[in-house]
Amino acid sequence: GGDGGAGSGSGNDDGTITLGFAQVGAESGWRTANTKSVQDSAKEAGIDLKFSDAQQKQENQIKAIRTYITQKVDVIAFSPVVESGWDTVLREAKDAKIPVILTDRAIDSPDKTLYKTFIGSDFVLEGKKAGEWLVTEYQGKTEPVNIVELQGTTGSAPANDRKSGFADVIKADPKFKVVASQTGEFTRAKGKEVMEAFLKANKDIDVLYAHNDDMGLGAIEAIEGAGLKPGVDIKIITVDAVKDGMQALADGKINFIVECSPLLGPQLMDLVKKVVAGETVPERVVTEETTFNQEQAKAALPNRQY
Amino acid sequence: MTAVPGTVANGRSRVLRPQQKYLPIFATLALLVLMYSAGVLRYDGFSDTQVVLNVFVDNAFLLVVAVGMTFVILTGGIDLSVGSVVALTTMLSASLLEERGWSPYLVLPLVLLLGALLGFGMGCIIHYFEIQPFIVTLAGMFLARGLCYTISTSSITISDPFWTSIAQQRFRFGGFFISASVVVALVVVAIGIYVLGYTRLGRNTYAIGGNPQSALLMGLPVARTRIAVYTISGFCSALGGVLLSFYMLSGNSGHGLGLELDAIAAVVIGGTLLTGGSGYLVGTVLGVLVLGLIQTIITFQGDLSSWWTKIVIGVLLFVFIVLQRAVTRRQR
Amino acid sequence: MLVVLLASNLIFTPDFFAVDVRQGHLYGSLVDIVRFGAPLILVSLGMTLVIATGGIDLSVGSVVAICGALACLRISELGDQNSVVGVLMAVGLALGLALLLGAWNGLLVAQVGIQPIIATLILMVAGRGLAQLITDGQIITVNSSPYKLIGGGYWLTVPFSILVALLVFGLALLLTRRTALGLLIESVGGNAEASRLAGIHARRIIFTGYVFAAFCAGVAGLMISSNVSSADGNNAGLWIELDAILAVVIGGTSLAGGRFSLGGTVLGALIIQTLTTTIYTIGIPPETTLLFKALVVTVVCLLQSPAFRAKVFGRRRKPPLPQPDREQPTKVEVPA
Amino acid sequence: METSGEARAILTMTGIGKRFPGVRALDEVDFRLFPGEVHALMGENGAGKSTLIKVLTGVYDVDEGDIVLDGAPVRFTGPLQAQQAGVSTVYQEVNLCANLSVAENIHIGREPRRFGAIQWGELRRRSRHLLDGLGLDVDVSAPLGSLSLAVQQMVAIARAIDISAKVLILDEPTSSLDAGEVGQLFRVMRQLKGEGMAILFVSHFLDQVYEISDRMTVLRNGRRVGEYATRELSQLDLVSAMIGKELAALEELEEQPRRSLAALERDRPVVEAAGLGRNGAVAPFSLTIHRGEVVGLAGLLGSGRTEVARLLFGADRADAGALKVDGEPVNMRGPRTAMARDIAFCSENRRTEGLVAELTVRENIILALQAARGWSRPLPRRRQDELVDRYVKALRIVPANPEALVGQLSGGNQQKVLLARWLITEPRLLILDEPTRGIDVGAKAEIQRLVVTLSDGGMAVLFISAELEEVLRLSHKIAVLRDRRMVDELANDDEVTAERIMAIIASGNGTAPPEAPPGPHGPDVVVLGEEA
Ligand SMILES: Nc1ncnc2c1ncn2[C@@H]1O[C@H](COP(=O)(O)OP(=O)(O)OP(=O)(O)O)[C@@H](O)[C@H]1O
Ligand SMILES: Nc1ncnc2c1ncn2[C@@H]1O[C@H](COP(=O)(O)OP(=O)(O)OP(=O)(O)O)[C@@H](O)[C@H]1O
Ligand SMILES: [Mg+2]
Ligand SMILES: [Mg+2]
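Residue numbers (the numbering used here), protein chains in the order written: chain A, 272 to 577; chain B, 158 to 489; chain C, 67 to 402; chain D, 897 to 1428.
Bear in mind the hints are in silico, worked out from the structure with no lab data behind them.
Each residue gets a CB set at the ideal place from its N, CA and C atoms; glycine is no exception.
Accuracy of the hints is not assured; some may be wrong.
[To be verified] Quick list of in silico lysine-lysine cross-link-like pairs, DSS-like style, CA-CA up to 30 Å: (1) Lys474/A - Lys377/C; (2) Lys377/C - Lys500/A; (3) Lys368/A - Lys500/A; (4) Lys365/A - Lys314/A; (5) Lys514/A - Lys377/C; (6) Lys569/A - Lys377/C; (7) Lys314/A - Lys343/A; (8) Lys500/A - Lys545/A; (9) Lys545/A - Lys383/A; (10) Lys474/A - Lys448/A; (11) Lys569/A - Lys500/A; (12) Lys446/A - Lys500/A.
[As the list claims (entries may be wrong)] According to the in silico footprint, chain C covers these stretches of chain D (three or more CB under 8 Å from chain C): (13) 1244-1257; (14) 1268-1280.
This is chain A alone, in the form it adopts within the complex (with noise of 0.2 Å):
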């Protein structure tokens, strides 16, 4: 869409596909690279994008999608935080007959045919991930392990998932013991406050599991404050693998980074040009991404994006 509008409404004649896509908002880092890569692989593949901010408010967003079937758009695209609530505005999107992709999170709608595909991170199997290297590092030990986690924001759909899969790793084994956990909100700022408080209730923190590099970040910082080291006294397990979270972890004081990768623009940008050519998608495109600990991060950090 030019500042004068022009390119709204169907593209279809000038052979120019339309994508209006909804995004959550740009609540963290993590989103707002996600934005990015959405609008530069759409500019990429020629692709006219139509972008909305809904500032976390679903209503906004269940609005954005409302005007891009007035206007016609040929896909739309969103992220939805919340996985419940969209079956309304989508039914009238397939009235419409406007192919629906989901981006970085599915809805628990029964009804399957509202959408055409999903692509983006399981963040159940992040927590699962993150839990798994702690069992194996810990493998042989028996002496308890006491776990602090730095939740993300309460209710929110990762916090929600990322705690039950790491919880459902570790909780076979007894010695594991989350002694703390608490909301940091996604941030440093609270995950420094947070970590701060943990430290002076719980003498013995052997394991920080951080929903976000942000927040372990911030963790980082209370710890050495209390004069220990992170990644030796406490060791640090996170989320995300931004740069300033791959940093840390190539400088030894993060131990563990799953990756979830805000980068499925050229991925989306494929099948929405899929969708809208007729072929078949796969129901469920999981994003490509790995694990890191400190020597793959040494590695990967110099081209590293965001």
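Chains B, C and D with the ligands: place on chain A using the hints.
Frame of chain A; chains B, C and D with the ligands shown alone:
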């Protein structure tokens, strides 16, 4: 004594007065139309009537919440709990319907009653213990949101047939449609206008906002009225929550985050004084439309990054407010 | 109330009150409370004056974000991030911008005459966008020890942020109570029209209030970003305005304007921070955190309310006996 | 001395006590009220009159004592309950809602309804009828706040008498009314009394009390001095009962020799207004005030006296004419400009335009002086205490505690605080708009004497009062206003009498030619809400 004052007053009566009373409303309306026209000129497809109707469809719940908020603000109070009560309502409805399998005919009145009850409780504390509404309703906000989380931290989809049928109910006319929620919201607005303009409760609301001490000395039922407005606001929030659950067909603790600010902004943009005693519900409706229209314009623009979205919202709000202020001031 | 909260901590964590010196710094939960409370104290101090004039400032959270972002951006662009001059310039620039933003609010409220809540809502929304624009939506990480000092450093074993908060508190106290500013603010907040007719520059006073609030928010923003050595335009200072207003109100200042108490505000901010720290320390699960907060806020306010005390404890405050002095002078002295 | 009731008292209060922190406002007070009488409650400022009324109607809790209404013991929890039990009250300050219309203020709580819906037409019709009965012709749909204080007071009275009650309580209803309105009010009161209503009346105007009341109860320092039949008690005895000692200040003042106007006019004028006016407020007028001169403004309610004062002070901005202070043209931009030129303005509306209720007596008194000095030069505390102490004594402000909150003072004492605020600024022109409103006889005499002394010392004074006698007694020169236009200006010599001024007001043409043609400044253009 000579009847001199009489002659003085004759003739000078009601100069400018009726217009002046409604001037902010007219100014707001005119600016709203201006904004809409700008949108029509700038974006294709904006002139589609459905765009305007969608503003109603998308903001029906906000409208209902704002009606309750108008009552509270007219008394000079404030209700910060509305957003959380909305969330609590969606959450409670969803959990009762889906997880407990209760009948919707039981759930609906129950959640409405609960909202009203919460408002009632806050009103009582505000009035009898003379604590500032800001704090009491802030505590109410924490309470309601906290209750949401204790019900569940994840969201619950509503698949109840009654709920879904209302949610998908469309009133169509000539290719356009509005949802059932819009009808409910408009009815609430109409009732609100009637109550404020034509009942003692409504007039007492204005009186308390004008001067609570005087209202008391004039022998008005201050306690009853003040508690009533918070009850009304609680009820409206619950109803707004029900409408939101129609709109989303889900219950979620995160719903309605920051909604209280939107509602307050709508009321104040509509010309109601935050200090109480002056303002109209029609203004509130306009205020909601202004916010909705700004959102629509942003969406139509379609190429704003997240931060430019916020900045543009701020700028549009600023332009609107300043113009509104300029118009009403010059006319005085 | 603060005492009760602190005491409850003692039960859960016996060495809550332990303050020792580690690595040459004061260390302990109490120190943490004040240290993390410092930004809130600052923002609340500014908010107090704005509320005293009968206004409200919703934009402080955004100003916090903007200032942190700008300072970090400038520092990250420095060749040598540890250069004191460079950091000072960045800090100065950020605070200058804060003053400007405050002036903007003040202008809208005092000059244009827009209702404060809406006037500052504009900056609250747009300012958050501005902060994100500055950081490009990312988190700017800096590595500068002089900058680190502001929020995370120590000076003579005392956390520097506490000193800054104390300094601003002292300054505000001095300005309002040693000059006539406090009286004029209370007068404007109490009755604006009467104040105007008494010759008070009501507009100028209101304007100053917003500038001061933004300045405090700016300092708080530097503190928050310095504490974690990074600027988060998205989340820094999010919802801090609510906490600040709460602190002001708990501190005994009425939202209707007029009488204010800076000391009360500091106490209010400390109560809020203690509450937060308590929640972390005694391990209340995040799902019930809000319920706990609601409970504490309600109890604090009920206990503060004279009406509640009178009604519930039935304890009427017995007024002291009237002075026996019933004599009145008969002669009117006419001052020359 | 006490007259025993022939009929059964409708209201008896026995042993009433009420304490406020630091003050015993009422102490063992007994009070009786009979049907068909007008009973005056008398006492100095702060004697406890208003408190007694508030205790009776449940605004304050009773600490001790019993109240019996119509044979049954009562203890009201608030005005609502009192009203329902047949006690209708006009409290001392105008207690109405400025944001509502006149009609609503009269009827709110008792609106005519059909099927629950308020009938606005009927409401307005009734209000108009009621106000007509009081001789007041105002637009009943105008917001009350746009009307002058006197009109507001009339509306409050209208509201009270419309409630068909057994007991009507009027706490200083006449404080800002002029003779005409008072006459109307008394007519209505007599009529109600004839219908058997019991009326409690408070006023500091002794003439009014003697004209209307049948009996009176005198309070002093929160205690009852006695109950008297009005015709058995001379004014002098009443005054000494009230203040507890003899007072002859009133008489003293009459004997003050008036300085001749001619002598004064030789001095240079402090303020010269030439064609000063404001659209919708007051037509262009010219007025000169010299050093040491007291200029009185005479006129009826709403004639524009307050507007003249506000223009001279810059409280409103003039849109026509010029103003000179000390011979130099001044662009009067606001109160600060005026204050910089030593002009002070004591507003008639002490509650909304004067005092800051939540500040202390001391703070209120020094407010203007402090504002003039600027925020950076606070008045040293010692000097504050000194000044405040002096005026608390001089004006006999009760309680004599400078740290008491002004909002908790009795009405008359609040007025004194406001007056003190402007006196300590030692202005050269002092504008007094109804300075003696609600002030007791003793203090009123003091204030009048003060005005004389100050003007002798060279201060120029613009004096506005609803009481024409007072204006005549004090002024060297009197300007007469009518319909928001200055119609005449006369030197106050022996030929000037109240009758003559009333005649000028009534006929509308004085000896001086009108200042300007009606034009756009005609009285029929009213722009409301000019205050931003
Ligand atoms: N709310 C209050 N709090 C504290 N003291 C009060 C309060 N109300 C009245 N008082 C005190 O009670 C005393 C009696 O006041 P009251 O208003 O009854 O006097 P009054 O006789 O009506 O005087 P006036 O003629 O000036 O109206 C005064 O000393 C006053 O300061
Ligand atoms: N008799 C009346 N009829 C209608 N309006 C009136 C009347 N008297 C006063 N007003 C209103 O009161 C307002 C203020 O009048 P103003 O203050 O100039 O009068 P004033 O001469 O000072 O009389 P007052 O004795 O009431 O103070 C005017 O705007 C006018 O609308
Ligand atoms: Mg009184
Ligand atoms: Mg007047």
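Status of the hints after comparison with the structure:
1. Lys474/A - Lys377/C: violated, 45 Å
2. Lys377/C - Lys500/A: Not satisfied, since the Cα-Cα distance of roughly 55 Å exceeds 30 Å.
3. Lys368/A - Lys500/A: This hinted pair is violated, its Cα atoms lying about 57 Å apart.
4. Lys365/A - Lys314/A: Holds - the C-alpha atoms of Lys314/A and Lys365/A are around 26 Å apart, at most 30 Å.
5. Lys514/A - Lys377/C: violated, 59 Å
6. Lys569/A - Lys377/C: violated, 67 Å
7. Lys314/A - Lys343/A: holds, 20 Å
8. Lys500/A - Lys545/A: violated, 50 Å
9. Lys545/A - Lys383/A: Since the Cα atoms of Lys545/A and Lys383/A sit roughly 19 Å apart, the hinted pair holds (cutoff 30 Å).
10. Lys474/A - Lys448/A: Since the Cα atoms of Lys474/A and Lys448/A sit roughly 14 Å apart, the hinted pair holds (cutoff 30 Å).
11. Lys569/A - Lys500/A: Roughly 20 Å between the alpha carbons, so the hint for Lys569/A and Lys500/A holds.
12. Lys446/A - Lys500/A: holds, 23 Å
13. 1244-1257: holds (count 8)
14. 1268-1280: holds (count 8)
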